[in-house]
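Colleague: Both chains are given apart, each in its own frame, so use the hints to dock them into the complex.
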Amino acid sequence: MAKEIMTTNRAVAEAVKLAKPQVVPVYPITPQTTISEYLAQFVADGDLDAEYIRVESEHSAISATLGASEAGVRVFTATSSQGLMLMHEILFAAAGMRAPIVMADANRAISAPLNIWNDQQDSIAQRDAGWIQLYVENAQEGFDTILQAYRIAEHEEVMLPVMVCLDGFILTHTVEPVDLLEQAEVDSFLEPYVPKFAYLDPERPMSLGNFADPTYYTEARHNMQVAMDKSMEVIKEVGAEFGERFGREYGLTESYLCDDAEIILVCMGSMASTVRYVVDQLREKGEKVGLLKIRSYRPFPFEEIDEIVKNADKLAVLDKNFSFGIGGALFADLKAKCHKETYGFILGLGGRDVIPEYIEEAVELTKNPVKEVTWLGLKEDE
Amino acid sequence: MIEIRFHGRGGQGAVTAAEILAKAAFKDGKYSQAFPFFGVERRGAPVMAFTRINTEPINLRYQVYNPDHVIVLDDGLLSVVDVYSGLKENGEVIINTHEKVESEYDVFDVDATGIALEILGVNIVNTIILGYFAKKTGEVSIGSLIEVIKETFPGPIGEKNAIAAQKAYDMA
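Sequence lines, in order, name chains A and B. First residue of the first sequence: 1, per my numbering; consecutive thereafter. First residue of the second sequence: 1, per my numbering; consecutive thereafter.
Hints are not guaranteed to be accurate.
[Said to hold, decoys possible] Keeping only pairs whose Cα atoms sit at most 20 Å apart, straight-line, the calculated EDC-like set for lysine to aspartate or glutamate is:
{"#": "1", "chain 1": "B", "residue 1": "K27", "chain 2": "A", "residue 2": "D179"}
{"#": "2", "chain 1": "A", "residue 1": "K340", "chain 2": "A", "residue 2": "E364"}
{"#": "3", "chain 1": "A", "residue 1": "K20", "chain 2": "A", "residue 2": "E182"}
{"#": "4", "chain 1": "A", "residue 1": "K3", "chain 2": "B", "residue 2": "E147"}
{"#": "5", "chain 1": "B", "residue 1": "K88", "chain 2": "A", "residue 2": "E357"}
{"#": "6", "chain 1": "B", "residue 1": "K135", "chain 2": "B", "residue 2": "D28"}
{"#": "7", "chain 1": "A", "residue 1": "K337", "chain 2": "A", "residue 2": "E372"}
{"#": "8", "chain 1": "A", "residue 1": "K3", "chain 2": "A", "residue 2": "E249"}
{"#": "9", "chain 1": "A", "residue 1": "K3", "chain 2": "B", "residue 2": "E56"}
{"#": "10", "chain 1": "A", "residue 1": "K3", "chain 2": "B", "residue 2": "D28"}
{"#": "11", "chain 1": "A", "residue 1": "K20", "chain 2": "A", "residue 2": "E191"}
{"#": "12", "chain 1": "A", "residue 1": "K236", "chain 2": "A", "residue 2": "E156"}
{"#": "13", "chain 1": "A", "residue 1": "K20", "chain 2": "A", "residue 2": "E51"}
{"#": "14", "chain 1": "B", "residue 1": "K150", "chain 2": "A", "residue 2": "E4"}
{"#": "15", "chain 1": "A", "residue 1": "K314", "chain 2": "A", "residue 2": "E287"}
{"#": "16", "chain 1": "B", "residue 1": "K27", "chain 2": "A", "residue 2": "E4"}
{"#": "17", "chain 1": "A", "residue 1": "K293", "chain 2": "A", "residue 2": "E254"}
{"#": "18", "chain 1": "A", "residue 1": "K3", "chain 2": "B", "residue 2": "E151"}
{"#": "19", "chain 1": "A", "residue 1": "K20", "chain 2": "A", "residue 2": "E37"}
Worth flagging that the hints you see were computed from the coordinates, not collected in a lab.
Chain B on its own, in the form it takes in the complex (with noise of 0.2 Å):
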């Protein structure tokens, strides 16, 4: 079983990219689980989402505290919350920022943020750094994503989404 946890601010789509990845995985033809966990409930606020991929049925019905994969949305949080807690050996951090992310661990530091500003016109990364996601780690196939992304934001928006997902998982 693999277990993802993304970290994000209320409003910026993470309890979405895990259901998207999740919805994703499940087209693949893998069982899979996402769910969120809310702060308290308002934007800005840090919020925790939780996506488990596996070949069996999944019966976990708590958070995830070893994961082997975080997605984090802002890197605004790497000062407010411990992103790392409890990643397993191997495990892999994307991290949406600008900037070279310092850390022991396994690091991608992906500007999606750029990517989200050029093709979507505001700064909402969740699809994309699905994308990264996808290319680096092998975990859900881009088409399926793809397909998920386009049902999920039907219209031009999933269209550009579509587009966006696309150039992070081609520059991953």
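Isolated chain A, as found in the complex (with noise of 0.2 Å):
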């Protein structure tokens, strides 16, 4: 199919559409709205035939969506920021559930102070949800990325939450090139839910998201843990199943220059592209630096990541995100997880922007290193 503009809010609901989900429940915000109105659209035109249901909030989109997937059909929802933290007890609820959830987070930061732009704090916060966590690049990404996320969320060895995490604004509302599937195309690469285990069936009744006691509660949460190990092999077969059949492949993480880097940053989403383009300016100056971006932040492919990093000196992690006392979330996993001297920088908090100077000052702080966390484009006065 010819490319088309658009944003990667619509890109994303392109791909809801053709990916058939029987119930729609969501609840909008800012900078997600979009999609939900895309896809109330599609119902109201008959091009989707699902249950778009209007919830009274975020706690009911996620709780209506986590029923209907017990009930055994595809499901789908989206939300933002406040919505994603009003989400939060039933995100556990879901992933332990074991729901193959598809939700869409379009990344934006959390109040106080109140603030509608992006970073990624909000999904970070949700990081031990048990959801499956895929960050994309750009519009491109977010279709290609919904689509592969069924796959992965009803793969039967892994039967867990998929989250896909756009940054707001800077992919949600921006127009650019995307290549769209046919439906055919689609239905070839995913077909039809069909669901295997628990759920809700009056043929053969069973309770579900039950009272687990001491006896049983540690072997739950284990398994959940076995799933998600499981699910990166999954989540790389896919990728790479969906190149072969249109071209884009996909894998856990995406490196770039970095066989011979001294110093390779790292980092997740919309930043990549930046990134890209600096390690190209530096390289022109003769500076080894490579990219590497994180796809999938859980599971976390700290394996991958030890043979791509392996012959670098340093590595310079960007984080849209920060915790108390540590500094960014990708920082402190990879500070435990690869033996790598490692710097953390935290930047495009709440919408400030990412310009290539920040990613050229965290290149040299890592080369003349002052401190293990720098906040970049801090305005120490205010």
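Modeller: Pasting the structure below:
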């Protein structure tokens, strides 16, 4: 199909339409709102044969999504920021009940102070909920990743919900060219969801999300870890198959000029584009730098990362989030798991623009470190 | 790569203008990108939007600080916002105004509001100023622009906007 020009929110909605979820409970919130609007329009026009549930909050949106998933149908929802915070309790329930939900999160800062702009604190705050988290770099990846997310979530050895993370405004509201797929192409890649294990069926009654006393709880949680580990293979398999079919291959990470790099810049989401641009600029000046983009934040592919960074001297980790006293979440993970000299940089909070100068500064402060974690672009007098 | 910055107020269609321009450039066979920067979400608040046009795919994910062209939808912003900020040498500024704007920069004043009131009956100038921009800069073809305007606003509103954009193009 020909390229069209659209926002990532539109590309995500188009992918959802092609994935044919049967129930879509969704509550609008900036900058996710246009996803919920496009889906409402598709349902109203008869282009998407789904029950669109207008709920009264995000807590209800994810609850209805979980309920529908447990009834054995494919589902979709989307949210952002405060909405994701309100979902927090049910996110853990959804993962624990092994519901193959796909949800888009339009990454936005958390209040207070109130801020509608982009950072990744909202999804990072849900890191331990048991959801797979995939971060996308552009509208094309948003479209492609939604389709892959259903294959990953519904894989019988995974059965975990997937959160597809899109940088608010920077992706959600930016129009750019996207290659859409035809329905027949998507149908050949993504078959209808047929629930296999625990789901509500009057012919085969069971109760779900039950009480588990100390005899069972630990094993139930451990099974999630086993599934999360398995999902690494599945994410790679699905991404490779997508590449074979449609020419755009995906994995757990993406590396650029890392083989001979002395310093590797590590980041997630839309920032990777600007970092790639800066890497090119610095390479022209003879600086050996590379980019490692983490697509799958959970599961965290540290063995693959270890292999990619093995020749590098130092890592410069760029985080649009932070954990008090530690630094960015990605920085903390890399520090814990990779045996490299690692420096963390906090930037892009609450929509502060990530400009090439900040990335150049991160490289400079990794060459000549002053401290382990630096806040870039900080106005000291405010 | 050509970078364009739009200044408007919430509700004036600056964001839509940036998107229409990106879509028209894409129709011309180029790569393009458009995105907004909202202040607070309310009508009347100053808004910026950006368009990038290139012959190669665009990988930049930050705002436009050194525009080749600036488009100002509301001359009331001139006393509120530095619309000339970072303008490239030989950069052009197109301002919707019925007055002569004094500036050290290359400024084109166009009475888009006059055309809007005459043809559309409302003071919405975003498509009109794009018509003027197309002729003045040659960055986008008027054919693609008119097509995208009609696609964006189906029916009589699109037809009227297309006529208004063409009028601005012809007088530029």
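Colleague: Next step is simple, just say for each hint if it's right about the structure.
Modeller: Status of the hints after comparison with the structure:
Distance hint between K27(B) and D179(A) is fulfilled; the C-alpha atoms sit about 14 Å from each other, no more than 20 Å. Between K340(A) and E364(A), the direct Cα distance comes to roughly 17 Å. Compliance with the 20 Å bound is thereby established for this hinted pair. Restraint check: the Cα-Cα separation between K20(A) and E182(A) comes to about 13 Å, which is no more than 20 Å; the hinted pair holds. The suggested pairing of K3(A) with E147(B) holds, with an alpha-carbon distance near 17 Å, which does not exceed 20 Å.
A hinted pair counts as satisfied when its Cα atoms are at most 20 Å apart, and K88(B) with E357(A) qualifies at roughly 19 Å. Between the alpha carbons of K135(B) and D28(B) the distance comes to roughly 15 Å, so the proposed pair stays at or under 20 Å and holds. The suggested pairing of K337(A) with E372(A) holds, with an alpha-carbon distance near 16 Å, which does not exceed 20 Å. Under the criterion of a C-alpha separation no larger than 20 Å, the hint pairing K3(A) with E249(A) is consistent with the structure, at around 18 Å.
For the hint linking K3(A) to E56(B), the alpha-carbon distance of about 14 Å falls within 20 Å, and the restraint holds. Between the alpha carbons of K3(A) and D28(B) the distance comes to roughly 13 Å, so the proposed pair stays at or under 20 Å and holds. Distance check on the hinted pair: K20(A) and E191(A) sit about 10 Å apart at the alpha-carbon level, within 20 Å; holds. Proposed proximity of K236(A) and E156(A) is supported: the alpha carbons are some 15 Å apart, at most 20 Å.
With a C-alpha separation of about 11 Å, the suggested pairing of K20(A) with E51(A) holds against the 20 Å cut-off. A threshold of 20 Å between alpha carbons decides the hint, and for K150(B) with E4(A) the separation of about 16 Å falls inside it, so the pair holds. Between K314(A) and E287(A), the direct Cα distance comes to roughly 13 Å. Compliance with the 20 Å bound is thereby established for this hinted pair. Simply put, K27(B) and E4(A) have alpha-carbon atoms about 9 Å apart, close enough for the 20 Å limit, and the pair holds.
For the proposed pair K293(A) and E254(A), the alpha carbon gap of about 5 Å is at most 20 Å, so the pair holds. Note on K3(A) and E151(B): the hinted pairing holds, with a Cα-Cα distance of about 16 Å set against a maximum of 20 Å. Proposed proximity of K20(A) and E37(A) is supported: the alpha carbons are some 16 Å apart, at most 20 Å.
Consistency with the previously given hints is maintained throughout, with no hint failing.
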